[in-house]
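Enquirer: Sequence:
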Amino acid sequence: MRASPPGPGVPDALRRRLGPTDAVLIGLGSMISVGIFAALLWRRASAAVGPAAEAPTTTTRAGRLMGR
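Residue numbers (our numbering): -16 to 51.
Treat the hints as calculated values from the structure; they're not laboratory data.
We put the CB at the ideal spot given by N, CA and C, even for glycine.
Some hints could be false.
Said to hold, decoys possible - Label pairs and their calculated CB-CB ranges:
(1) Asp(-5) x Phe20: 32 to 42 Å
(2) Val17 x Gly(-10): 28 to 38 Å
(3) Pro3 x Leu48: 51 to 61 Å
(4) Asp5 x Leu48: 52 to 62 Å
(5) Phe20 x Ala(-4): 49 to 59 Å
(6) Ser16 x Pro(-6): 26 to 36 Å
(7) Gly(-8) x Gly12: 27 to 37 Å
(8) Gly(-10) x Ser13: 25 to 35 Å
Kindly generate the complete structure, drawing on both the sequences and the hints.
Expert: Structure (structure tokens):
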């Protein structure tokens, strides 16, 4: 895919010259960054909500044992 010609009055130095390799590297960098961010955020969220998240599980098990 070739870069489109710049509009009138735009110098050649400002033309974008990104290729498929650049797109792949930008995409991989984004996915890796999001993965790291999600892992760190998940660790904090699970530590803060841990005890509260266990209560519904216990209630659900009790309900199943009672036949509901």
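Enquirer: Could you tell me which of the hints above the structure violates, numbers in ascending order?
Expert: 5
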